[in-house]
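> So for the sequence shown, our numbering puts the first residue at 121; every next one is plus one.
Treat each hint with caution, since some may be false.
Here are the simulated DSS-like pairs of lysine-lysine, each with C-alpha atoms no more than 25 Å apart in a straight line [stated by the list, open to error]:
#1 347 x 374
#2 438 x 566
#3 195 x 226
#4 614 x 566
#5 347 x 186
#6 383 x 186
Hints are computed from structural coordinates only; laboratory data are not their basis.
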Amino acid sequence: AGSDWSEDSWSDYGSRGKVGTALGRTVPGGNVLFPDIFHTDHLFFYERFRTYQDYILADCKASEVKQFIAEYLEKVLEPSGWQAIWRTDVFEVVVGVVDVDYSSLKAVVELSEPFLCESRDSSFTLECMQELLELKEYQILLQELWVVFDESGEFDQTALAIEHVRFFYRCIWRTWDEEEEDDFDYFVRCVEPRLRLHYDILEHRVPSGLVADYQSLLSQCEELYEKFLNVRNSISTSDSDSEVENVSMVEGLKLYEKVEHLKQKLKLIENPLLRYVFGYQKYGSLQAKGQRAMGAKVTHVVSLTMMTSLLRLLMRDKFCPESCEDVEIQFHSDPLAAVNACYEGDTVIICPGHYVVDGVFCIADSIELEGYGLPDDIVIEKQGKGDNFFDCTGANVRISGLKLVQHDAVEGILNVHHGKTTLENCVLQCETTGITVRMSAELFMKNSDLYGAKGAGVEIYPGSTCTLLHNGIHHCKEGILIKNFLDEDYDVPKITMVNNVIHNNEGYGVVLVRPVMPSEVKDATAQTTKGENVKTEENEFHEVLMLGLFCMTVVTFLLFPALGNTQPTQSGHVTACGEGTGQEQQPECRTEELELYERAEIAGQTEGNYEIANELGATSAKKSKRHKKRLSELGITEADDNLMSQDMFISVEGNQFKWNGKGSFGTFVF
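Using the sequences plus the hints, can you model the full thing?
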């Protein structure tokens, strides 16, 4: 049952105790002169959140939702004396409410005078509408009613209550909710995440591709669930044990599994954390133009204003006078227009200036974007809200010497979907995620600076190749995020990280996302059980971990041959300074405490490199173990280890991890 509320508890809700309405009015469209209605569909997130949590659903279970809503309506809804527009997909008509059946969430209505109706055709006359109401026993779902505006304020709460019910059944409730586990708070489990997702979509905080995926998944799930219910009902009404019924049971099980799979996908998107951790794979591939006729290549020069002095410099530096080859040059004032004009093999030279673009750079051909000057002098800034900034699918795309600035974004600053993208000597000022390297794509990033991402600076998907050399990645939520690659459908990513400085990130410098392993679950339960000496998957995991440790020890030895017998340069310098203090006092010499601190800091950085390589190597070995076991189950006992093992080629060397909120490396287990 719902909570017992006093009249005073509603004093700050709606218009109770106020003179005059607190709500706005809306003029209905159409050819019929309908009366104005209350404007209630503009409510903020916190208004709906508070109402559902405090006044309607509280801590109810899914099976109690309708009962709680009925009790809420009994307290706030005027039972009669108000008018509304009854809206369907076919017609709209003005009705008067004479009673409310709270348990069924329906209103008892009659046609208003004068008769006002608008329909797609002229068949809905007064007589037809009377017949329709008789068939429905004059009872209409409350969510199909829009309350007619009244200045007195008497019906404010009625209009708001119906809006909350209408929104709930349109945007929150799912037909399968009642059959979910009923042991948990329905508001926390379903209402809050779906409500947040709804407003995230309204406020353009979710990529349009992910929104389309969610709506498609929801439609598929509703359709399959309806089929499942039909099959289940046909089985339950049949008393025979025939072959037809057995076939129906098998069909029902298959439908049930499909529905459960879709429901899990929906929950991932509804969860505000997991929707960005896992992202979405779907991407409509861009169409490459290919080469021009006769294989001609064009150089596009972009400049806000072209002066003769700048042209002379370009001719000297970019178009060598000694060359006998004629080069076609096209001039642009907008870098986006220049890229859109490119064909395979073209080059875009961008001169110093601050370029503001409103659009997406979709690069499907192998082209080169080159800044003519220092990156801080060649700024391309994204204007207006939108999903993407740079989308690359070309076989060999090269971007160098540019500063990219992103605002009001939903997706990352650069997405590599297919092919190889090289990023060199660039500055990337991010908004959401930084760079995303999708499956089968390759990123080569060198001597660049990336900062400001509210997600990860670099997201590495399974099956991708990512090489990071001499970069700075800082002031992001996470530095680098490596997504789960343990699934049998995924390939191990190939990662190289050398001499990067990853610092001042809110979370970890590098984080690996992976599912919880069965051995870890068994390890947790084994702590409560004594005397058992049975070999489980935990032992297998430790064997794999030892294998990973051995492999990474070899890698570390190759990467750090001098580790343990040579002091780092800085420490050697400090020692030398300490030894020379007897002859002349050097002001730059450090104290012994500072020397110890520096040694500890350098050791910590080295440990961070080793920890990352070790964990990724062990996870890769675990995947290899699973793959071999799967082949064995299929009866394949002889296979080439080089073909079978998907070991991660990983080089982690010389990276510095400083002042990251949670440390150099972490694992997100789901």
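> Each of the hints needs a verdict: does it hold here or not?
Each hint tested on the structure:
A distance of roughly 11 Å separates the Cα atoms of residue 347 and residue 374; the hinted pair therefore holds under the 25 Å criterion. Annotation: proposed proximity of residue 438 to residue 566 holds, straight-line Cα distance about 22 Å (limit 25 Å). Taken as a hint, the residue 195 and residue 226 pair is honoured in the structure, with Cα atoms around 15 Å apart against an allowance of 25 Å. Taking the CA atoms of residue 614 and residue 566, the gap is near 16 Å; set against the 25 Å cutoff, the hint holds.
Proposed proximity of residue 347 and residue 186 is supported: the alpha carbons are some 24 Å apart, at most 25 Å. The suggested pairing of residue 383 with residue 186 holds, with an alpha-carbon distance near 22 Å, which does not exceed 25 Å.
Of the numbered hints given earlier, the model fails none.
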